Amino acid sequence: MEIHMEYYLVVSTIMFFAGIYGFITRRNLLAILISIELILNSVDMNFVVFNRYLFPEQLEGLFFTLFAIGISACETAVAIAIIINIYRNIRNIQAKNLNQLKD
Amino acid sequence: MNSAPQEAVFYILSAAIVIFSVMTVTTRRILRSATYLLFVLFATAGLYFQLNYSFLGAVQLVIYAGGIIILYVFSILLTTTDKDKVARLKNSKILAGVLTVLAGAALCVFITITHNFGPTRYVGDEVPMKVIGTALMGTEKYQYLLPFEAISLLLLACIIGGIIIARKR
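Going line by line, the protein sequences match chains Z and W.
The opening position of the first sequence corresponds to residue 0 in numbering that gives the first Met the number 0, with each subsequent residue numbered one higher.
The opening position of the second sequence corresponds to residue 0 in numbering that gives the first Met the number 0, with each subsequent residue numbered one higher.
Don't read these hints as lab results, they were simulated from the structure.
None of these values were measured; they are calculated from a predicted model.
Using N, Cα and C, we set each Cβ at its ideal position, and we do this for glycine too.
Among these hints, one or two may not hold up.
As the list claims (entries may be wrong) - Straight-line distance between alpha carbons at most 25 Å, and here's what the computed DMTMM-like set of lysine to aspartate or glutamate pairs gives: (1) W:140 with Z:56; (2) Z:95 with Z:74; (3) Z:101 with Z:74; (4) W:129 with Z:59; (5) W:129 with W:148; (6) W:129 with Z:102; (7) W:167 with Z:102; (8) W:167 with Z:74; (9) W:129 with W:139; (10) W:140 with W:124; (11) W:140 with Z:59; (12) W:167 with W:148.
Unchecked claim - Covered by chain Z, according to a simulated footprint, are these stretches of chain W (three or more residues, beta-carbon under 8 Å): (13) 2–10; (14) 18–32; (15) 38–50; (16) 55–68; (17) 110–121; (18) 126–135; (19) 141–152.
Make the full structure from the sequences, and use the hints.
Below you can see the structure in the form of structure tokens.
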């Protein structure tokens, strides 16, 4: 019995949908950001697995994952800066209170 | 490849990923959520190592586990108030979320299992560091100098944007 490619894909699918669940049920901005992180990570895993199993001579999946990790670091940094700024203005970071920002 | 210890490592890491990613989105405390996310990222790096992409696993450990999670923990500690735990969702919304996610996951898993991906072949060689370096620094086809430079500009823009957005006025 060997490890098929589909096993990795099922694991990353579960991680992806856990992220989706968190994204639509959480009300805290940081929790939503953590869910986005899960989604990005599962997509990275898919790239790597496709690279390893379907095109082992190429390096595209590896480099896509490398750049995706870098871009998600940028995205997290800017999003956290925005969230901290929101916290300074309205003293909490719940998504339902964000309309207080326009006052 | 595919000896019994490899399979054991794969199953342990997959179980860790599944359990901790579900716990990440179901726990009520946000700091615990960040900690479980750290465990998920560790297990993913372990899977990269198990697939013999050591460089990628190292990058995952350094950037995600070392950088992003620290950022999360600090911002959680800076912004969490006691009122945050009070906000609970209605049960109907949670049920709708669970149903949506289960339907989507079932559909995706079904398609993944029944789809024919063509011939899969596992060549478990480690990618030499020299190959990665030349591919990252070259300008020909299948070489990545331009996105490398673009991402350096993006990082610079993020530094400046982060400072400007979050500074005190």
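Here's how the hints hold up against the structure:
| no. | hint | verdict |
| --- | --- | --- |
| 1 | W:140 with Z:56 | holds, 15 Å |
| 2 | Z:95 with Z:74 | holds, 22 Å |
| 3 | Z:101 with Z:74 | holds, 24 Å |
| 4 | W:129 with Z:59 | holds, 16 Å |
| 5 | W:129 with W:148 | holds, 19 Å |
| 6 | W:129 with Z:102 | violated, 56 Å |
| 7 | W:167 with Z:102 | holds, 19 Å |
| 8 | W:167 with Z:74 | holds, 21 Å |
| 9 | W:129 with W:139 | holds, 16 Å |
| 10 | W:140 with W:124 | holds, 23 Å |
| 11 | W:140 with Z:59 | holds, 11 Å |
| 12 | W:167 with W:148 | violated, 31 Å |
| 13 | 2–10 | holds (count 3) |
| 14 | 18–32 | holds (count 6) |
| 15 | 38–50 | holds (count 6) |
| 16 | 55–68 | holds (count 7) |
| 17 | 110–121 | holds (count 7) |
| 18 | 126–135 | holds (count 5) |
| 19 | 141–152 | holds (count 4) |
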